[in-house]
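Chains as they are written, first to last, in my numbering: chain C, 52 to 346; chain X, 3 to 523; chain L, 272 to 361.
Since the hints were derived computationally from the structure, they do not count as laboratory data.
Check before you lean on any hint, since a few could be wrong.
Here are the computed distance ranges between Cβ atoms for each label pair [unchecked claim]:
#, chain 1, residue 1, chain 2, residue 2, range
1, L, 331, C, 222, 16 to 26 Å
2, L, 325, X, 103, 56 to 66 Å
3, L, 285, X, 475, 49 to 59 Å
4, L, 279, C, 276, 35 to 45 Å
Keep in mind the model is a prediction, meaning the values are calculated, not measured.
For glycine and all other residues, C-beta sits at the position ideal for the given N, C-alpha and C.
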Amino acid sequence: MRGMRSMLYIPGNAPGMIQNAAVFGADMVMIDLEDAVALSEKDAARDITAGFLRHYDFGDLPVVVRINGADTPFFEEDLEAIVPLKPFAIRLPKCQDPSDVLLADSRMTEIEKRHGMSGGLVPIHAMLESARGIENAYAIATASSRVTALTLGGQDLTADMGIQKTRDGWELFYARSRVVMAAKAAGIAAFDTVWTDFNDPEGLFREARQIVELGFTGKAAIHPSQVDVIHRAFRPDEKEVRKAERIVAAAAEAERQGRGVVAVDGKMVDAPIIVRARHLISLAGLYGMEGGEAQ
Amino acid sequence: MNFVKNALGRLVPVGVDGVGAFSPYEGAFARVLKGAPWPAAYPVRKPEPPSRSKVAPSLKTAIERSGLENGMTISFHHHLRNGDKVIPLVLETLLQMGFRDLTFAPSSIPDSHDCVADYVRKGLIRRIWTSGARGEVGRMISRGEMEETVIIRSHGGRARAIEEGSIVIDVAFLAAPACDALGNSAGCSGKSACGSLGYAITDARFARHVIAVTDNLVEYPLHPHISVPQHLVNQVVVVDSLGDPAKIASGAARITRNPLDLKVAENAYRLLAASGILAPGCSFQVGAGGASLAVAAFVRDHLKEKGIQGGFGLGGISGYMAQMLEEGLFRALFDVQSFDSAVTGSMVKNRAHMEIDPSWYANPMNQGCLVHNLDVVILAALEVDTDFNVNVMTGNDGVLRGASGGHSDTAAGAKMAIVVAPSFRGGVPTIKDRVQTLVTPGETVDAIVTERGICINPNRADLWEAAKKANLPLKEITDLKKEVERFTGVPEPVEMDMDRVVAVVEYRDGTLIDSIYRVKE
Amino acid sequence: MVELVVRMAQAGTLESADCLVTVVPAEEFRLDYRGVNRKLFGERTRKLVMETLERTGFSGMQVTIQDQGALELVIRARLETALRRAVGEV
């Protein structure tokens with residue numbers, strides 16, 4: 052299983068950072084053409100990002116590119132320059148409702164056609180950063196088959212709601228739950244927002260553990276030092292992994308014997324539990340936990 | 003010049019005009035293991051009659067009394083680092099007095115002393131024997147401005163050369179942050195305190211004439227610590243200031259926050275941990291900053307977590323190491339050179355923080371120098387090659403911009419010598435097919451650690467096993483080189499004037515390991 | 272119809288691993304490649320500049336590059352940005 056626990060944000064106009072992005076062990080990287088780039092440098096960032104996508108071998112590291120929103124003059128040119136280079140996904144900021152996704156979708160389809168691209172469409176990671184976006188989460192998640200992830204933009208959302216983002220993060224509980232629920236219902240991934248205080252790795256760990264428990268697939272990292280902290284938060288419990296191994300083994304055994312019912316430690320185990328157990332073992336594999344294997 | 007190929011395939015001269023014959027490098031411990039008796043040569047020195055004061059009325063008078071003549075050899079230590087004012091003061095005075103053609107043989111040349119190039123051009127200095135050259139001095143040498151070949155020596159090598167008489171110091175000018183009227187000198191007190199006065203000790207023992215230069219004449223006797231005792235000192239000169247305290251004893255070196263350096267350091271630490279060398283009683287040496295110093299932070303956490311006490315720290319001691327001593331993570335520190343202000347205090351407070359001279363530190367020909375029982379050293383590099391050879395002298399453009407220092411000494415002696423470096427710098431790969439200047443031979447380098455992977459020397463199968471078991475990011479050095487070149491490209495070779503050797507690199511045992519050529523414009 | 276003019280433009284920064292590219296319309300092509308890698312990547316940089324100018328349809332251009340150790344792809348990208356910026360409406 053390819054991990055998706057961490058997504059390291061890199062400013063698109065910083066070649067010095069992009070050239071080292073792959074080094075810090077993040078599961079994914081997001082090159083940002085939007086908020087991390089000054090208005091006067093949008094063209095430069097686009098050229099640098101396209102240059103790296105075209106000429107630099109990121110190996111098997113997924114590279115997502117956050118383009119500027121449709122409400123900016125940069126939207127069209129960003130898509131035009133980046134889509135043909137087949138990034139792992141386009142991060143679409145400020146999605147308010149399905150029409151935002153559909154607009155990007157149709158632009159991307161047209162670009163892909165013109166470039167004779169085949170073999171899979173470029174996915175969209177929809178970013179929800181406003182109250183409307185959050186309320187429309189499921190509709191946005193299912194607006195197009197391109198959408199393979201929802202991301203929470205905590206900074207902009209709290210601003211939109213007129214509240215502060217606190218260290219505890221309680222104010223984001225509903226938004227987070229809604230994003231995860233919608234993503235799960237749509238069968239796609241969910242990514243949590245940034246932790247801005249890189250002098251507070253403790254706070255990051257606590258928040259990361261919280262969002263792991265809520266069911267998020269991964270979390271944003273805005274500094275290389277945050278990657279390991281996030282990965283620690285995703286690390287499954289040793290005992291849970293052992294139990295998962297037993298469950299999967301029992302399921303396989305039951306299958307072999309043609310039994311429909313699986314029992315582990317004297318308890319019945321349903322199909323969803325078995326699925327979850329398999330997922331846990333895959334995750335454990337990322338940590339080289341004994342017995343865990345990549346699937 | 004006549005050349006011969008040494009054991010590493012490098013062309014080196016068989017002799018240097020006005021200096022003498024040299025043997026080519028045969029192996030890191032070839033000369034040591036040959037076991038031939040190694041003579042130490044104390045110079046002939048005139049006795050000093052009994053007196054109550056050796057204080058000369060002026061620097062000029064002291065020089066007149068020293069017997070210095072044109073063509074002779076003068077030395078300095080570099081403990082005052084970039085805050086030093088003594089070297090420029092003495093050189094200027096010598097120039098004014100009409101001296102010419104001197105051999106300038108300091109333990110190293112501080113970066114700030116571009117002025118040395120001017121003194122060469124003005125005819126005061128004819129030869130340079132040093133550990134390193136940077137800035138204008140480095141450029142001047144690389145341009146071929148000096149008629150006489152420069153000799154580069156490591157710290158251990160210079161000590162050896164002095165003790166055997168290959169370097170005969172006619173007058174040693176030794177800056178002394180604390181000094182009394184009879185010449186007892188120390189470095190850990192005074193307004194220009196610099197910590198250890200290690201390099202001064204060897205010079206003082208073997209020079210024909212020793213002049214202590216101080217800005218802090220204390221009441222006799224200097225106490226409680228004396229680095230250079232009075233019986234080795236001929237004269238004392240008092241000046242207003244030895245230098246800029248802010249630059250002598252800069253603020254305590256901090257652990258870098260650069261994520262790339264930290265990644266390199268983390269990889270190096272993981273290798274150390276996997277090797278099992280971080281055991282009770284282990285000894286350790288790191289550099290002054292960057293990734294090299296950052297490794298110390300990882301090691302410190304490891305030692306603390308596991309409740310391990312190291313044997314000793316060695317160096318090149320920075321405030322970070324002094325703090326580790328304070329925390330009981332080492333039993334002792336051996337200090338040949340202090341890097342920052344935090345260390346000066348430690349030397350005074352803590353008797354386990356001990357000053358050593360460079361022969362004790364790294365002379366391979368004595369009865370057991372410290373680097374020979376060092377466990378771990380973490381070293382930097384300008385470039386390395388696929389044979390694990392290291393260049394710390396010349397940059398990508400072929401120009402002199404580094405120092406041999408203790409690099410080859412510690413690499414040879416340490417059980418585990420790890421070179422840490424980013425896989426590319428300024429768009430240029432660090433790993434080459436062949437280093438421009440070979441200072442530290444690959445046979446003494448156990449691993450090269452970068453942010454993109456760890457390369458283990460094939461002669462360390464045991465280390466490779468341990469690293470593999472620990473799932474470390476191992477890479478074949480040739481693979482890593484190719485991986486980096488894929489995005490940096492391969493730089494065009496620098497054009498060197500192979501007909502003109504501007505400097506020779508002497509290995510710690512006195513043989514020649516490589517030649518440095520003139521850079522074509 | 273919109274009239275276009277080519278004028279001086281710049282792109283990039285003097286940050287480490289970046290480069291500052293300045294283009295000025297001129298009678299002929301001229302390259303002034305400065306910086307740490309002048310001798311190490313001189314040939315390659317010359318080739319890439321000429322190839323980029325040809326590809327983007329510029330002939331007379333005086334190009335100055337202050338290189339702070341940028342990868343080739345970065346120099347190329349900065350040059351492309353500068354050239355695009357050089358074209359403007361009257």
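Verification of the hints:
Checked against the given bound of 16 to 26 Å, the beta carbons of residue 331/L and residue 222/C, roughly 59 Å apart, lie outside it. Here the CB-CB span from residue 325/L to residue 103/X is close to 58 Å, well matched to the stated 56 to 66 Å. Separated by about 33 Å at the C-beta atoms, residue 285/L and residue 475/X break the suggested range of 49 to 59 Å. A hinted range of 35 to 45 Å for the beta carbons of residue 279/L and residue 276/C is consistent with their spacing of about 41 Å.
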